[in-house]
Amino acid sequence: MEDLLIYVVIFGTLIGAMTYAAILVWFERRMLAWWQDRLGPNRVGPFGIGLALADILKLLAKEDWVPPFADKKVFVIAPCFVMIAMLMGFAVVPYGPETYIADLNIGLLFFMGMTSLAVYAVLLGGLSSNNKFSLIGGLRSAAQMVSYEVFMGLSLMGVVMLSGSFSLVDIVESQQDGWFVISQFFGFVVFVVAGIAESHRLPFDLPEAEQELVGGFHTEYSGMKFGIFMVGEYLGVILISAMIATIFFGGWIGPGFLPPIFWLAAKTFCFVMFFILLRAAMPRPRYDQLMSLGWKVMLPITLVNLVVTGGVVLWMNT
Amino acid sequence: MPTIIVDGISYQVDANDNLLEALLGLGLDLPYFCWHPSMGSIGSCRQCAVIQYQDEDDQQGRLVMSCMTPVTEGAILSIDAEPAAEFRSAVIENLMINHPHDCPVCEEGGECHLQDMTVMAGHSMRHYKGLKTTHRNQYLGPLLNHEMNRCIACYRCVRYYQDYAGGTDLAVFGSRGRVYFGRHEDGVLQSEFAGNLVEVCPTGVFTDKPLSERYTRKWDLQSAPAVCTGCSMGCNISVAERYGELRRIHNRYNSEVNGYFLCDRGRFGGGFVNHEDRIRRCGVRNASGVYDPVSKQQMLEKVSALISAAGSKVVAIGSPRASLESNHLLGKLVGRENFYSGLSGREQSIINAIYAIQQTGGARIPTLREVEAADAVLILGEDVTNTSARLALSLRQTVRNRSKEMANQIQIPLWHDAAVRKLAQDEKSPLVLVTASEDRLEDVSCLTHRAGPDDTARIGYAIANIIDNRYSRPADLTDNEQTLAASIASILKNAEKPLIISGSGSLNLAVVEAAANVAWALKGENKDSGLIYCVPECNSLGVTMLHDGNSNNLDDLLSGSDDIDVAIVLENDLYRRAGSTAINSWLGKVKNLVVIDQLDNPTASVATLVLPAASFAETEGTLVNYEGRAQRSFAAFLPQGDIQGSWQWLLDIADQVGTQKFGSIRQFDQVTEDIAAQNAALSGVTKAAPDASYRSGAGQKIARMTHRASGRTAMVADVTMYEPQQPVDNTSALAFTMEGANLIKPGEVPSSLTPYIWSPGWNSNQAIIKFQAETGGALTDSDPGVRLIATASPVADLHTRHTTIPAITRHQGGSLQLVPGYHLFGSEELSAYSKAIAELTPRGYFAVHPDVAGQLGVADHDGLETQINGANVQLEVVVSESVARQCVVYSYGIDATGELVHEKRGTFKKAESWESSRPSNLIMSDR
Amino acid sequence: MIKGILDLIRNTFTQLITLKMVLHHTFSPPDTVQYPEQMPYLPPRYRARIILTRDPDGEERCVSCNLCAVACPVDCIVLQKTESEDGRWYPEFFRINFSRCVMCGMCEEACPTYAIQLTPDFEMCEYDRSNMVYEKEHLLIDGCGKYPGYSFWNVSGKTISGKDKGEAENEAEPVDVRSLMP
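Residue numbers (this note's numbering), protein chains in the order written: chain E, 1 to 318; chain F, 1 to 927; chain U, 1 to 182.
Keep in mind that the hints were calculated from the coordinates and are not lab data.
Incorrect hints may have been included.
Unchecked claim - Below, a list of computed lysine to aspartate or glutamate pairs in the DMTMM-like style, where the Cα atoms sit at most 20 Å apart:
1) K129/F / E83/U
2) K209/F / E85/U
3) K209/F / D86/U
4) K835/F / E83/U
5) K165/U / E301/F
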């Protein structure tokens, strides 16, 4: 019985996340249009929702082309990395008090490890394309990861100190009395910024940067391989949003009249909307601005936050 | 060299220049109208004002007209100073007051000097609110449009037409606002150089009428650097095409040859390219005498089957109007012994003699620029204006050397045109004419003598003998001849740079030899004597040099008795070079006549196989002009149908035959290289222009179209939506596209490959100023062409060379001496097909002196007939005082005169029941 | 250091204000017009399908000056000048390849005679590209288009039949060259 439940959760996560990501492609365009006083895709099906399906069909029908000058094996494998890494990240997200795929005692580290792995997809895709735009995109991605990975981890250490555990199940449990967003506000801010950078979303989509780099790391990709990159990106958005909700906004915790998974979904949705809003409103910074924001602003804030939190925890415990 | 300071920067300039020339020569932009590099300054338009400062402390300065101010050492000037710029803008506003709103319907638009200068001077808004002065236009003939409203009264046209070209029927009338430039009444402009008004006029008063009929703006024309095929002068032209038709011919500056001007045959004679009689398909004559079109491949198979049939006797006839390359390949295909030059025996012997004389180096062969520096001229038996018109225009400048001398004596700068002309009044350097009939240069000659060709030669010999008595003396000289020769000799002996001009025009060998004697005798007197021979066609000298003056000629072939299996005729109408009886009897011996030609002429219409040849505007070719200058001409466009260059036909035929004689020759450049390798005399031809591998500085081919050619994506849209690739040119360094080097910077492209002249802000042909090393001088990249005949050191025994003196011309049993009379319009084979030229071509005629007319009992408009070699030739009679006695002058190349060219004498009688066939528009003279 | 921190705070706030402003658009209606269900109003000066107009007297306005062709950035106009009996210049053929045209209106701006004009008719889809090639008979309309009353020949100095020298606007009588008056 318990075995069955775990399979339900696993497949539920797989199907749910993928469907969510696919619909998000349409949903994002509608939202962007809304905020920009347009209509967006509204022709296929009610409200244009059929666009998601049409897009998938289109991508499937396209020629699955590998450039003759590319490093073929790496070129094919690269998109799979992003998909696998992002889906693996969902393994440690608790959907309810007992509903989760795995309660790892290093859950947080596992999540960060998985998101870091996703960067390899971008890096390898950019490198194997054998194209100058792709290469620059890949290089930017690597540099971006190196800068933001550092304080993404550090920003969560405050939460770990307060909850005393790396397990996400425990972290959620320890928020029964109050969300960590209050006690760890700076940690939250830094995590959100790092999360955007991690998922290459606007305004930090420098590896892609259509205006300068054509398509960045995926310039040479087409068909479903491109589609996987795309879905991977939206999975990243959902994963990061779910993580923000879990770590700082009490995860599944909410009033009992609705099931816990609803509250997690609702909170996640809010952050997905926030991601879309950022895309609708923010200009892309210059590359050096991105780096200096990371190293000169975010890192100090994180360190100060860490020291203060540590001090408070020590003081409270003594 | 004086130093001047312009807007704070110092420059070195030529002390003999005026300021305008100097500033333009430095590459600075300064507007001007009335000044022209070859006509000097008169300071009438006030457009070229600049500020000149007294010294460094002078802040105010004063306005000076730069064209009227000599260059002085240390002059401080400003072009950009506010008062000067304002003044120029005001002047052009005044000039533009009456200018109509015509640019869209003006043929000058887009290459208008007035447009350029208006933009340069900064005038953009008309303040004048009054009525515009208007004028009525005149009919000026089939060559030029007249639109007097557009005139800005710069006086360039009359200065060019009267002062420079010696015309009398274009003048300025009226005063102040009514000033009018035109003729005294409607009528054809009489000057042979009237066409240059198109380029001389800074705006659209005089425009190109044939161009206007199928008008195309300059920016849409696809041009190529070509060489005129109208005569032997080898003027450089820019040929322009649109929609597969030749649209116009424009001057292409070459300081050594044509400079800024062309003659009207050159400018308007290209119309034959579009003629309806063009042969466009390969044709095979069937039993009923009609030509069946066949494909190119079928034709090649037929020709090669004929040639390679076992034991067949193949002969080939070259042509003096075909390129060196075509003639060379034809000779190579059939073998030297079976190649005939295509010149008649009479013509060939004269041109061989001319070539031999040029090789001895006894006298210099001057370029046209050098002609203008001569200080005495003797013309022996050549109607220069009608055979080599551009030379006549230069001679009109030569006679001005006396006025330049006078100006130098009292230190008037030579660019000060009005002053120099006023000073000299009618003083001229001597020019002596000895010709058989009226000559257009008589108005500038100091001495004119009428004589038939033989008598002309006798006078020449006599002059040489008087100068240096080692030269042979004609026997039984009349007193008249004696005094004439003495006075001519003294004129020539008084000169420093005497120039002798003769040529093949009178079809008389003795005249040619006599002219050489005069030049050599003068050389012996330590004079820097020049000797020019006009030859009949654009490549007469080239085809002679090809076999070093030893070619077989047409007469050798026609008089032969062998049966011939195949005769290949290259771009040559045999009926113009020999009597029809001789040709027809020869044709009886020829089984297959293969003609490669451009137009459906009498020879082509008796051919078995006809191959369409490209004209000068459609293919490459190297031509050798009168002075032995090899110049490369390029295709402006690719012809339609099966037409291709004769050299390409010959290469294709050789390929089909599979002959080994051609080795690895597949490309045009290889043909040229082969010519250079096989003929010592022509070893320089490869240097005439860069070969097909040439690329400009940026590694590009040179674009034939301008950078702003229009209509690329719609031109063939009515036929196909798939825009075809532009034709690829593997033959030359030029490209049939707008991509490539577009002459953005002067000097970027070699002058021999410059398809058209354009510079930013200078859309008219006056942009040439930007391409000259110094104003009015050689081009930055040296002038196109290469001289092949080196001036050898003179040989000692020159006086022993020419001693065959003809006897005095007398009536010989009622026969009269036949003398060809030439016409700029009509005497040349191809240009005569051009519509505009055909309109001006006179009817065929026999011109006789009134005395002779009396003896024959004929008057004007009667007919005269003669029996020559079995043919009966009837032409209209023109009675003229200015025809030498004992001569009958016939219209060369017009009507059935091909029968006459072979004969020296003929017996004439009145043609009964003569009726003139078409109205005459003979221009004898308006004087 | 302090200034840097203050700058950072201010910059952060401006970014947040941006977010707020964009979020406000949640409540503003979209500007999109739902073509083809809703047909938008296109002003007469809208730039779409090109036409050739006629003079008030019914003759062709185009004088085939080639300025439209040279102004065209995609080189999709091609024409050839010819001349009528009465002295007017007009195009022998005039072809626009609309499959290349970008409706930029440069030709209209270049036209000195108001002959070539753009109209608001932009619906010109075809299944066969060759149907997008318009010849003169397809382009020429019967009226003056946007500029009624204008006739180029009335301001030009060239003579056409019915308009002699001196009869155009702002022109004086033709000069009598033979007059002796000063």
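Hints versus structure:
no.: 1; hint: K129/F / E83/U; result: 31 Å, violated
no.: 2; hint: K209/F / E85/U; result: 15 Å, holds
no.: 3; hint: K209/F / D86/U; result: 17 Å, holds
no.: 4; hint: K835/F / E83/U; result: 17 Å, holds
no.: 5; hint: K165/U / E301/F; result: 63 Å, violated
Checked against the numbered hints given earlier, this structure breaks hints 1 and 5; the rest are met.
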